[in-house]
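Start from the sequences, fold in the hints, and give me the full structure.
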Amino acid sequence: MSAELLIAIIITVVGASTPILIAALGELVVEKAGVLNLGVEGMMLIGAVTGFIVMFTTGNPWLAVLAAAIAGMLSSMIFAFLTLSLSANQTATGLALTIFGTGLSALAGQGYSARPVDLFRSVFPAELATHPVWRVIFGYSPLVYFSLIMVFAVWWFLHKTRSGLILRAVGENDLSAHSIGYSVIGIRYAAVAFGGAMAGIAGAAFPLLLTPQWAERMTAGRGWIAVALVVFASWRPFRLLAGAYLFGLVMTVELYSKAGGGILSTIPAELWAAMPYIATVVVLVLISLRRTGSTSAPACLGKPFLATN
Amino acid sequence: MAEKMIGASLKDIKKDPNRTFGPPKLVVSRLSTRTEDEFGVAVEEVSFTVRAGEIFGIAGVAGNGQNALLDSLSGEVLGEEREAISLDGHPLGLLNTTGRRKFGLCAVPEERNGHAAVADFTLADNSVLTARDRLKMVVGGLIDSGAARTYTGKVIADFAVKALGPQSMAGSLSGGNLQKYIMGREILQRPSVLVVSQPTWGVDAGAAAAIRQALVDLAAEGSAIVIISQDLDELLELCDTLAVINEGRLSQTLKVGEASIEEIGLLMGGVHGTGEQVHIEAGGGVAVQA
Amino acid sequence: MQFRLEKRPQPSRLMLYAAPILAVILTMLVGGAIFSAIGYDGPGAVREIFITPLVTSYKWQDLGIKAAPLIIIGVGLAVSYRANVWNIGAEGQYVVGGVCATGVALATYGMTGWWILPLMALAGVAGGAAYAAIPALLRTRLGVNEILTSLMLTYASVQLVYYLVRAPWKDPMGMGFPQTRIFSEAARLPTIIPGTIVHLGVPIAILVALIVWFVMARSLFGFQVRVVGAAPHAARYGGFSENRTIWLALLVSGGLAGLAGMLEVAGPFQRLVPGFPTNYGFTAIIAAFLGRLDPLGVIFASIVLAITFVGGEMAQTTIGLPAAAAGIFQAMMLFFLLAGDLLIRYRLKRVTHQPTEARA
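Chains as they are written, first to last, in the working numbering: chain B, 1 to 309; chain L, 1 to 290; chain X, 1 to 360.
Incorrect hints may appear among the rest.
[Unchecked claim] Some chain L residues well away from chain X (every beta-carbon gap over 12 Å; in silico): (1) ALA42; (2) SER86; (3) LEU173; (4) TRP201; (5) ASP204; (6) GLN213; (7) GLU263; (8) GLY270.
[Said to hold, decoys possible] Pulled from the structure, derived: some chain L residues nowhere near chain X, Cβ distances all over 10 Å: (9) ARG34; (10) PHE48; (11) THR130; (12) LYS162; (13) SER192; (14) ASP231.
[What the hints assert, rightly or not] Only pairs whose alpha carbons sit at most 30 Å apart, straight line, appear in this in silico BS3-like list of lysine-lysine: (15) L/LYS15 x L/LYS154; (16) X/LYS349 x B/LYS303; (17) L/LYS15 x L/LYS162; (18) L/LYS154 x L/LYS136; (19) L/LYS162 x X/LYS349; (20) L/LYS14 x L/LYS154; (21) X/LYS7 x L/LYS162; (22) B/LYS303 x X/LYS170.
Hints were generated in silico from the structure; no laboratory data involved.
In this text, a Cβ means the ideal position worked out from N, Cα and C, and glycines have one as well.
In structure tokens form, the structure reads like this:
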């Protein structure tokens with residue numbers, strides 16, 4: 001394998017992993033606060049269509065990402081209001097949000113399909129990325145660096161700051177956090193909002209980073225894979241990074257197998273397309289085998305909290 | 001004040017002073033469980049015998065394996081030894097709760113909501129939960145809701161449960177009334193062996209007295225009864241014999257009336273009465289030579 | 001004026017049945033307002049989507065054939081959700097059921113006989129149940145969350161359809177289109193009302209819902225499902241095995257989704273095409289909730305959803321509403337329903353202020 005090809009593969013893996021990583025980081029924080037939001041896929045689609053439309057009309061990728069984050073956050077507030085303020089079932093509400101996001105994005109994106117936009121390209125000077133090795137470091141979209149910074153930021157927030165400690169306390173034992181005087185509902189609202197913004201950005205990464213156009217359901221279940229990755233990573237940011245890149249690799253093999261020839265090309269393309277989903281199931285099985293006894297899931301995950309005064 | 005009230009109600013219990021016991025009914029021999037979670041305490045090699053007409057108490061400080069013992073006696077958690085639990089000579093060790101109830105072993109766990117009863121279900125449905133076989137509420141796989149309502153109505157009447165009727169939701173009852181319903185639901189099945197945990201926990205004095213009297217009456221009819229309780233006064237009042245559970249181990253069986261409070265207290269504190277020498281130091285501390 | 005939530009002593013029966021109706025009415029009001037706000041004819045959209053299909057008699061047959069798969073899948077999901085088993089991969093089980101039925105249809109191509117359709121139904125049920133058995137096995141043996149596995153398998157099943165119609169099952173006379181040949185007469189579902197498109201699947205759907213309703217309401221199996229879902233600890237105390245219930249819930253919901261797949265492929269489609277996965281499996285989730293996880297309720301909910309499907313299609317041509325509009329209305333119904341659920345257990349109580357305090 002030539003160095004050129006290797007570098008091309010690395011760049012593709014990084015690109016494919018980035019949206020999953022961003023969405024999963026958001027969901028990790030949400031789940032750490034004790035909330036299970038299964039609407040990631042729907043929020044990503046809303047972010048994707050928002051990001052695309054803003055990019056299409058303004059041509060400004062920064063504005064597109066910002067708009068996608070706001071759209072994702074707003075959509076997550078529907079979930080937050082229903083589950084946190086009205087104590088609705090989190091599983092069902094998350095599903096409803098995904099169905100809603102699928103429909104809303106299709107509606108908003110009507111008439112935009114097959115219209116190309118520019119990708120969100122590297123902001124470094126082109127001279128920096130001329131040499132292949134430098135390209136591996138400086139050749140990416142700002143979204144990629146954002147995702148990597150966020151891995152560290154989320155880890156630092158959760159484990160090194162007081163606010164992070166409070167957020168984890170709310171997820172582990174909502175009743176005692178409440179009795180100490182913290183607003184369980186308020187903190188969960190903030191966590192869900194963050195998760196929504198991250199899902200929105202992750203969605204925007206599809207038109208801005210991967211395929212520069214809008215297509216209905218273009219996130220193709222990646223939001224669900226992000227939810228699975230959080231479990232896979234045992235709610236730890238750096239494991240999430242490893243998991244996301246592993247999935248990026250699986251998806252990249254699909255792309256190269258079609259072009260590469262040899263034994264890999266005899267496998268039907270549909271099997272490759274199904275591979276990320278099958279891999280998710282396999283990964284879930286593997287971690288359940290590894291796990292002994294207690295799980296590392298936040299203790300209050302998915303349970304409604306009703307303050308009784 | 002509360003003590004006085006309870007004291008008064010305890011005195012109201014009518015027990016036949018000349019009662020006699022029949023042959024061994026419930027025989028537990030070397031029953032052990034595995035811990036299910038990190039906080040649970042397992043029981044180790046627990047053995048005891050309860051005769052027909054006898055009330056056997058298990059005293060102990062909370063969290064010493066009482067839950068594991070109740071779950072393994074009721075059949076909620078299955079053991080591996082067929083012979084570890086037997087009723088009238090029938091080995092029950094491998095049967096689940098339904099199988100054991102068919103042989104006449106009924107049980108009441110400590111937690112009312114979500115364990116002994118389903119809050120979102122009607123009382124009639126809660127009767128189906130445990131009384132369906134002994135009261136023939138299921139015919140050909142279908143639930144005879146008339147039979148369930150009739151039986152529930154009888155429980156409500158006989159145990160003076162304050163509820164609107166068999167169609168009331170279990171969750172709408174007060175804790176004491178739900179406990180009366182649960183105890184009544186099991187006692188009126190006329191079980192051959194009844195195992196109960198904390199029968200009067202959180203129940204007002206009057207209701208507690210009624211429940212205790214019902215247990216005494218059930219024993220008088222020839223049933224063997226096991227009461228797991230942290231309320232030593234209650235056990236001393238109700239039981240004929242008792243043993244103490246500590247860290248999953250059960251002490252020797254003591255006769256109520258012969259055992260001193262001090263002896264029971266020491267056992268509850270972790271001193272096993274078998275084959276061990278106990279020294280009570282001057283300061284009141286206890287040292288054990290194992 | 002301020003309101004405070006107060007727990008009701010008994011869950012409100014009135015709200016239990018009123019909440020879905022309220023949800024539909026609120027969806028019509030709020031949905032109409034939203035569509036107006038984004039530049040469409042809001043009242044027109046509501047009229048076209050919710051009313052027109054009901055008053056247009058020649059569209060009733062469409063309502064029937066759209067509601068049938070939703071009913072069959074929805075009642076299965078209602079059983080599953082009652083047991084607190086979150087099978088959200090009904091779409092995949094529906095697809096695999098359709099694929100298995102297609103396998104029988106292609107294997108018996110050109111043959112005649114009454115037994116072909118029952119055999120296809122059997123294959124559909126078995127296929128759907130087998131596909132749901134994977135999450136069941138992983139959940140009961142390894143504790144793997146069934147939400148994620150059943151959903152991932154759905155995405156995989158769609159690829160299976162693409163593969164089959166592109167390569168091994170491709171119609172040799174199909175001029176290169178990725179689809180199977182049209183099933184022979186004996187493998188096609190007969191219409192039951194001459195001159196319409198209403199096929200045998202419609203009465204079967206009603207029958208399935210009635211049977212499942214009876215089983216859930218009256219049988220010990222239904223009781224078991226409800227106890228395990230409501231209080232797993234109490235279920236164990238009552239002698240019901242949680243794992244057994246998880247298996248049964250997934251096999252029943254998967255099997256019924258598979259049956260719906262068979263009826264769709266043998267009825268409206270009459271061949272396997274890449275467009276066979278039609279999202280009935282996802283919409284049926286809404287049907288199950290809107291129907292209060294009660295099989296009879298699912299019938300009504302499925303008809304309401306079918307109305308929005310048919311109305312959504314009509315609105316595309318009559319007032320130029322986009323195809324996605326119906327989906328948004330459907331999701332909104334679910335949102336409002338979930339919000340309204342609160343009123344079953346709680347009631348709004350006005351907070352009475354001090355008499356001296358003036359209200360703004």
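For each hint, the structure was consulted:
no.: 1; hint: ALA42; verdict: holds (18 Å)
no.: 2; hint: SER86; verdict: holds (19 Å)
no.: 3; hint: LEU173; verdict: violated (10 Å)
no.: 4; hint: TRP201; verdict: holds (17 Å)
no.: 5; hint: ASP204; verdict: holds (19 Å)
no.: 6; hint: GLN213; verdict: holds (25 Å)
no.: 7; hint: GLU263; verdict: holds (34 Å)
no.: 8; hint: GLY270; verdict: holds (29 Å)
no.: 9; hint: ARG34; verdict: holds (16 Å)
no.: 10; hint: PHE48; verdict: holds (22 Å)
no.: 11; hint: THR130; verdict: violated (6 Å)
no.: 12; hint: LYS162; verdict: holds (12 Å)
no.: 13; hint: SER192; verdict: holds (17 Å)
no.: 14; hint: ASP231; verdict: holds (22 Å)
no.: 15; hint: L/LYS15 x L/LYS154; verdict: holds (24 Å)
no.: 16; hint: X/LYS349 x B/LYS303; verdict: holds (25 Å)
no.: 17; hint: L/LYS15 x L/LYS162; verdict: holds (27 Å)
no.: 18; hint: L/LYS154 x L/LYS136; verdict: holds (15 Å)
no.: 19; hint: L/LYS162 x X/LYS349; verdict: holds (26 Å)
no.: 20; hint: L/LYS14 x L/LYS154; verdict: holds (23 Å)
no.: 21; hint: X/LYS7 x L/LYS162; verdict: holds (20 Å)
no.: 22; hint: B/LYS303 x X/LYS170; verdict: violated (48 Å)
Hints 3, 11, 22, counting from the list given before, are not met by this structure.
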